[in-house]
Amino acid sequence: MVGLVLVSHSAEIAEGTATLVRQMAGEVEVAPVGGDSDGSLGTDPEGIQAAIEGMQADEVLVFVDIGSAVLSAETVVEMLTPELRERVRIVDTPFVEGAFAAGVLAQAGADAAECESAALESRTESKLHGET
Amino acid sequence: MDSTQATISIIKEMAAAMEEHRRSLTRLDSEIGDGDHGTNMHRGFQAALERLENTDPASPSDALKAVSMALIGKVGGAAGPLYGTAFLRASSALAGKEDVSAEDVADALEEALAGVKQRGKAEAGDKTMVDAMSPASEAAKEAAGSGSNVGAVFRAAADAAAEGAEATVPLTARRGRASYMGERAAGHKDPGAASTYLLLDAAARTLESSSGGS
Ligand SMILES: Nc1ncnc2c1ncn2[C@@H]1O[C@H](COP(=O)(O)OP(=O)(O)O)[C@@H](O)[C@H]1O
Ligand SMILES: [Mg+2]
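Residue numbers (our numbering), protein chains in the order written: chain A, 1 to 132; chain B, 1 to 214.
In short, the hints are calculated from the structure, not lab data. It is possible that some hints are incorrect.
Said to hold, decoys possible - Selected chain A positions facing chain B (Cβ under 10 Å, derived; list incomplete): (1) Ser37; (2) Thr43; (3) Asp44; (4) Pro45; (5) Glu46; (6) Gly67; (7) Ser68; (8) Val70; (9) Leu71; (10) Glu74; (11) Thr75; (12) Gln107; (13) Ala110.
As the structure is a computational prediction, the values presented were derived from the model and not from experiment. Heads up, the beta-carbon is just placed ideally off N, CA and C, and yes, glycines get one too.
Using the sequences and the hints, build the whole thing.
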């Protein structure tokens, strides 16, 4: 099964997004990592690394919000053991929408590539479908 | 003073500079960011000092590696992975060297710059720390090429970084938080470029005060 790591500047955003995903994907492993090592707004690479290394899932997708979340996740993934790194991908999508789309498919048993491509659709999918 | 001792002295001076300029860096960051750059850098360099104490590095490369890990772990903002990558690349460039020459310093700065550009995908002119690091690396190479000693190479790099940081004032940002501000970021100096100058200046001052480096 695919697991998700959710990296946000804010603990509340990470937790809240995890709750939103779990509602549709109760069996999917979701690990929120929010805030810096002091619990303030920011990112905590050691926390990100611990979350990734602690995942039971065979494949792990990492979702990131802005700026240092992206840079920290990339730095951490680069430092993982080669075996683990092969099973981990950072997904280039909006944080909430991407994680939600991937979670739903993961729950349905899709592999990481399918989950990722569903998540990527959230970059362009219209919300109002052309109506204003 | 051997190169390992010199490296450790430089790192201590950098930490002192981040402490001294914590407020001014944070003030710059509150104009075009989230007002934490000074706090972030100070926290990171305090962690670096702690790590140096605990690991007792045997080479310049080891000392830089310790700084890298501390910055990546503890800064909390974009500057953490960026400067962390810079120090890591510098550490790799100096691997296996007991004595660090002027050319080695120029090479290490060039590698550090390459690491930051790769990590942050910024180019010169994007209003980031790259705007200070890039001219610094150029100046270091030129100084080393014309026979300057290590201290003078850092001085040339620091002077170029100061100019580079100043030149970020009129720019609009294409990377980092300030990029969300569009035109409104113009008129303010980039905090990361300012801290790059302070770090290089700390290195130069350390060597100038210890008989001009070697
Ligand atoms: N993608 C990037 N490439 C290069 N430098 C960057 C990038 N993003 C941010 N920076 C630098 O980091 C500085 C901000 O650092 P800091 O305040 O610690 O991080 P944050 O923006 O996450 O709060 C900026 O002034 C800029 O110089
Ligand atoms: Mg900031």
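Run through the hints listed earlier and report the numbers of any the structure violates, in increasing order. 12, 13
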